[in-house]
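Top to bottom, those sequences are chains A and B. Heads up, the first sequence is in full-length UniProt numbering, so the first residue is 1 and it goes up one at a time. Heads up, the second sequence is in full-length UniProt numbering, so the first residue is 1 and it goes up one at a time.
These are computed hints drawn from the structure, not numbers from a lab. Possibly wrong hints are sitting among the right ones.
[Stated by the list, open to error] Partial pick of chain A residues on the chain B-facing surface, computed with a CB cut under 7 Å: (1) Ala71; (2) Lys90; (3) Cys92; (4) Gly95; (5) Thr101; (6) Arg107; (7) Val109; (8) Leu115; (9) Ala117; (10) Glu179; (11) Tyr180; (12) Arg187.
A virtual CB, placed ideally from N, CA and C, is assigned to each residue, including glycine.
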Amino acid sequence: MTDRSNDETIGITRRETLHGGAVASLALATPPAPAAAQLPAPARLPAHAREFGLQLATSINGEPVSVAIDARSSLLDVLREGLGLTGAKKGCDHGQCGACTVHLDGRRVASCLTLAAKADGREIVTIEGIADGETLHPMQQAFIDHDALQCGYCTPGQIMAAIACVKEGHASSREEIREYMSGNICRCGAYVGIVAAIEQASTKMRRA
Amino acid sequence: MRQFTYTRARTTAEAVTAFGRAGREARYIAGGTSLYDLMKLGVERPLHLIDIADLDEMRHVDTAGERLVFGAGALMADVAENPVVRRDYPMLSESLSKAASQQLRNMATVGGNLLQRTRCPYFRHGAGGIYPCNKREPGSGCAAIGGLDRGQAVLGTSSACTAVSPGDWPVALTALDAVVELTGPAGPRSLPIADFYLLPGSTPDREFAMLPGEIITGIAVPKTAAGRRSTYHKIRDRESYAFALTSAAVALTIDGGRIRKAHVAIGGVGTRPWRARQTEVLLEGRPPTREAALAAAHAAFAGARPGKENAFKLELGARTIADAVVIAAERKV
């Protein structure tokens, strides 16, 4: 959560979070072990926090996941801090930059403004879940081909938004791509490459 | 952020009951794009959240009857792309698609959008004693008056508050005389949208004519042939994904090259969505040219009270209306 002063009261140190996260990401990358066994130990919520805690059961990149959360958590924080899926980035944390974009039930959303509790029973896809084994998603490849990034911080969000943009049918022209990608800010200014990458991937995705 | 309990309601009745049990520090949450954002900023501090996003009974979009009916839980993105809305009421579709980003439009509902709070920086970023704000903490004062006021309202302001009403969809609904359907502990009722938004006066913390525990269940818009000749024209600091500096929702009935009836509401300039009645009257009988429209449009700002840095909104706002009249008039019916 954004309220750092509460970290101690939920009994998780940064070291434990990182460790738990690493375990979770490894587990998620190695299907098809039983889901419950793959998860990090549930966060140890102290008694006073239990009435405010929740158990979240969801599917992330095709894997069932069950995790204890603080009701205040954003989906972004659960992905990054709880499950070690650090692909989605925290830029503004207020839904203004798009770096946190993931797909929820097939639609792109700002995971920083999505209460994690709302993801219960729904399907999440993150940047970690779009490649087919070693083969990159056409959108990932197109971003490389067109040099559509500089620092790369916004790139996972750009790619997740771009895939949705094509699937929604909003990539029919450069103007439409620019309009429907306006929720993803790139402070390096790689927009020309981003639009070109989406045009390329859009053709490939339609053929696939 | 203060800790809260989280409950997912399965029916509207269940939500209202849950609210009754939880008391006044409860909030309904649908998309959460506004509420959760303000919770992160410490502006909203609910003790209980009752999630109403899963209520199937509020998701419908019905364009077949005498009125367009939008379930409050319908997503902004879905209503924006509804083919009948796009064809017959481009003003409504544009007011949604020119708001926020596709990510947020996939989360936010058309009912929740009516309740979006102001973007006044002193309201959003002043919690915890940083800035006074009569809307956030009644009686504390207003830092925007005499402060950075470029974005503030010029219409409907008071000595207690100049915060601008941020919405686009509510402006388009105001132009078309929409009705807000509500339910709550005392049962269902309807309110014309003109009565739904309150002027700040001396109580800027009261923004909506809703009773404690009430939920917006739907929005009804009387059908009009003027819908096809309509537009929502929005001027922003950047081309996309920004709040309105000025905006105009215009729908026209044109007969023999002259405007027979005009619906005009404006955004970005008022403390609530603003119906420009005087402009509507002046447009009647005039040709839909930019010159004629501009003369009528200036009347919308006759009672404006600009501050230090936002007087530009009077001329920009009038030109926005005039351009919207021309765009609407050129639409095929």
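Hints, one by one, checked against the model:
no.: 1; hint: Ala71; in the structure: holds (4 Å)
no.: 2; hint: Lys90; in the structure: violated (12 Å)
no.: 3; hint: Cys92; in the structure: violated (10 Å)
no.: 4; hint: Gly95; in the structure: holds (6 Å)
no.: 5; hint: Thr101; in the structure: holds (6 Å)
no.: 6; hint: Arg107; in the structure: holds (4 Å)
no.: 7; hint: Val109; in the structure: holds (5 Å)
no.: 8; hint: Leu115; in the structure: holds (6 Å)
no.: 9; hint: Ala117; in the structure: holds (5 Å)
no.: 10; hint: Glu179; in the structure: holds (5 Å)
no.: 11; hint: Tyr180; in the structure: holds (5 Å)
no.: 12; hint: Arg187; in the structure: violated (14 Å)
Of the hints listed earlier, those the structure fails to meet are numbers 2, 3, 12, in rising order.
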